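S.K.: In case you want the letters, here they are:
Protein chains: 2
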Amino acid sequence: MTITDDIIRQIQGKDRSVLARCITLLESTAAQHRYASRDLLTRLPRTSPTIRLGITGAPGVGKSTFIDAVGMADIANGKSICALTVDPSSPVSSGSILGDKTRMSQLSLSSEAYVRSSPSGTQLGGLSSRSYDVIRLCTAAAFDYLYVESVGVGQSELDIAQATDLTILLMQPGSGDDLQGIKKGIMEIADIIVITKDDGDLAPQVRHMQKHLRSAVPLQRREGPVPVLSCSALSGAGLSDVRDAIGGWIADHTSSLKEKRAAQESYWYEKKASQLILDYVLASSTIGAAYRDSLTGIHDRSQDIYQALDHLENLLREGL
Amino acid sequence: MTITDDIIRQIQGKDRSVLARCITLLESTAAQHRYASRDLLTRLPRTSPTIRLGITGAPGVGKSTFIDAVGMADIANGKSICALTVDPSSPVSSGSILGDKTRMSQLSLSSEAYVRSSPSGTQLGGLSSRSYDVIRLCTAAAFDYLYVESVGVGQSELDIAQATDLTILLMQPGSGDDLQGIKKGIMEIADIIVITKDDGDLAPQVRHMQKHLRSAVPLQRREGPVPVLSCSALSGAGLSDVRDAIGGWIADHTSSLKEKRAAQESYWYEKKASQLILDYVLASSTIGAAYRDSLTGIHDRSQDIYQALDHLENLLREGL
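Read top to bottom, the protein sequences are chains A and B.
Per numbering that gives the first Met the number 0, the very first residue in the first sequence carries number 0; after that it's consecutive.
Per numbering that gives the first Met the number 0, the very first residue in the second sequence carries number 0; after that it's consecutive.
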C-alpha cells in the first residue's frame, strides 16, 4: 500500500474501505508494512474536532450494547460515529473469547458509523501501542465521536485513559463491582460512571449502588464530584442524561483538552521510542548477541540471571 | 550495606532482621544502593527447597486471611513460612489503600514465619521487577513455603505466575466472580481454585459456584481438571483439603518444576535486560538527547509524535 494524497483525503472523507485498509496496515506485524505504516502516520492531519471517549468496565457489563445505544442516539442528533472495539483474546490460548466480533448490531448497519474490532493480542486486554496508532488514524477521519472500548482489565483502563479525552466507567448492579470489590485505581480515572442494566427488576439495586458510589471518596474531585448516572440500553431510559453528562464534561474541559492530549502524546512517545531503541540495540552490536546468549543460557540453566545481567551491564558500560 | 559471606549465611539461616535489611536494599531506588543490590543478588545460592505459591484474587476476597490460616496450619505441621504481601497503592494518589499493612495477625506473631509487605508502587498492582528480586532473596532463605500475594488486577496475576511455582486463585461466593464476570485469562493460569468464606450462610452459594466452576471450559486441562475447593479461614473448614491439593500438585510436578523455573528466569531476564539497555542508551549518546528533546517538544505541541519517532529511527539507523 502506497500512501498517496488521495488516501489522506479519503481518510478525511471517512471512506470506510480506505479506513479498513489503513487499520489493517497499522495492525500488521509484517516487516514490509513498516515503512508505509510510518509514512501514513506522519502524514495524518494533526487537528481534528473528534471527541474520544473511552468506555471501560468489567466483562459482561454491557460495553458494546452501551456504545450501540449511545452511538445511535448521537446519529439521530446528526453526529458521525466511530467505534473501536477490542476483541478479547486470552493470554494462554490466544483465541478469541467472544466469537461474535461485531456486537454493535445497530451501529454496524448505520451509514453514519464506522465500527471496527481489533484483536487484543497477548496484552491481556491492554491497549497496545498499535491501537493508539489506529485511534490517531480514526481521529484524523474527523468523526464527531470516537468510542474506544477496552476489555476492562487492569492495565488496559490506564492505557485507554491515555488515548481518549474522557473515560466512562460502566458498572452493573449487584455485580460485586461495589466499593468492596472495585479496583480503586480505575475509579480514580473515571470521568463519568454509568450503572448499566437499569431495567425494571434491578431498579432498587441501581438506586442503592448509585447512592453508595456518590459518597465514595475516590469520586470526590477538586473540580466537583464525578457524575454517577444509570441507564438501560434496552429501554433507552437514562441515555439522554448520559449524553448530557458527556456534553457537559466536554464544555467544562475545552480549554484543558489540548494540554491533556499533548501529555498523552508524550506518554505514547515514551512507550514507542523505548521499543524502537530496544529493537535497534538488540538487532545489532555485541549487546544483541550477549542478550540472546544469556536468554538461551538461562533457559538451559547454564547461566544465572543476575550474573547474566552483570555481564550485560559491563558490556553496556564499555559502550554501545 | 556491604554484602559479606556472613550476610549470605544469615539469609540462609532465615535471620529476620538481615532479611528485612536486604529487602529494603533490593527495593531501594537510590543510585548508591545499586552496586550492593546487584552484589547481593549474584551471590545468592541458586538452589533451594522452597515451594513458591502465588495467591491471587479480587480485592476483598480474603487473600491475607487465607495465607494466615494456611500458613499457620503449615507451621503446625513443622514447616517454615515466608509471606510476601503487596500493599496496594493507587496509581493516581500513590497512597496506600489499606492502612493496615500487616494483616496476617497470626503469622506475624509466629517465630516460624517471616511476613513482609511491599508497596505495589505505580504498577497498578503489577509485580515489579524488584519484587522478583525479593522473591529470589526469600527463596534463598530456604523457607519450606513462600506465599506471594498479589492485589489481583490484570497484569499482576500474569507476573505472579512468572515468579511462583503454582498459582492459587481465590474467589468468593456471590461476588460476581462467576463465569460471566471473571477474567478468563486469569482462570487459565490458576493451578488450584479455592472458594473462600465457606461459612454457614453462604454454603449453598459456595456449592452452586463450585459446581459451576468445575464445568468451566478454561479449567479443563490436558493433565486433568483444575481442583475447585472451598474453605473457611474463620472456622478452618476445608483447610486440610486445600493443603492436600497443594501437596498433590507439588508431587505431580516435581519433574517439570526445574524447567518451569528456568523459563521464568528467562522471562525476568528479558524484562530486566530491556530496562538496563534502555537506561544506558538514554543516559548517554545523541539518542538520549534526541529522546528528551522530543519529549519536551511533544509536550509543548511543537513536535509531532510520529515525526519524532521518524527522527529517532534515523538516528538509530546511523548507529548508536
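These are calculated hints, taken from the structure and not from any lab test.
Among the clues, some could well be false.
[Unchecked claim] Below, computed lysine-lysine pairings styled on DSSO-like, alpha-carbon distance capped at 30 angstroms:
hint: 1; chain 1: A; residue 1: K78; chain 2: A; residue 2: K270
hint: 2; chain 1: A; residue 1: K270; chain 2: A; residue 2: K257
hint: 3; chain 1: A; residue 1: K270; chain 2: B; residue 2: K257
hint: 4; chain 1: A; residue 1: K270; chain 2: B; residue 2: K271
hint: 5; chain 1: A; residue 1: K271; chain 2: B; residue 2: K13
hint: 6; chain 1: A; residue 1: K13; chain 2: A; residue 2: K210
hint: 7; chain 1: A; residue 1: K271; chain 2: B; residue 2: K78
A quick note: this is a predicted structure, and the numbers were derived from the prediction, not measured.
S.K.: Does K257 of chain B lie within 30 angstroms of K270 of chain A when you go C-alpha to C-alpha?
M.R.: This hinted pair is violated, its Cα atoms lying about 34 angstroms apart.
S.K.: Holds or violated: are the alpha carbons of K13 of chain A and K210 of chain A at most 30 angstroms from each other?
M.R.: Judged against 30 angstroms, a Cα distance of about 42 angstroms means the pair is violated.
S.K.: Holds or violated: are the alpha carbons of K271 of chain A and K13 of chain B at most 30 angstroms from each other?
M.R.: violated (43 angstroms)
S.K.: Between the alpha carbons of K78 of chain A and K270 of chain A, is the straight-line distance 30 angstroms or under?
M.R.: violated (33 angstroms)
S.K.: Hinted pair, alpha-carbon criterion (30 angstroms max): K270 of chain A, K271 of chain B. Please report holds or violated.
M.R.: Cα-Cα ~16 angstroms, so holds.
S.K.: Can the restraint linking K270 of chain A and K257 of chain A be considered satisfied, given a maximum Cα separation of 30 angstroms?
M.R.: holds (20 angstroms)
S.K.: Is the Cα-Cα distance between K271 of chain A and K78 of chain B 30 angstroms or less?
M.R.: violated (47 angstroms)
Of the numbered hints listed earlier, those contradicted by the structure are 1, 3, 5, 6 and 7.
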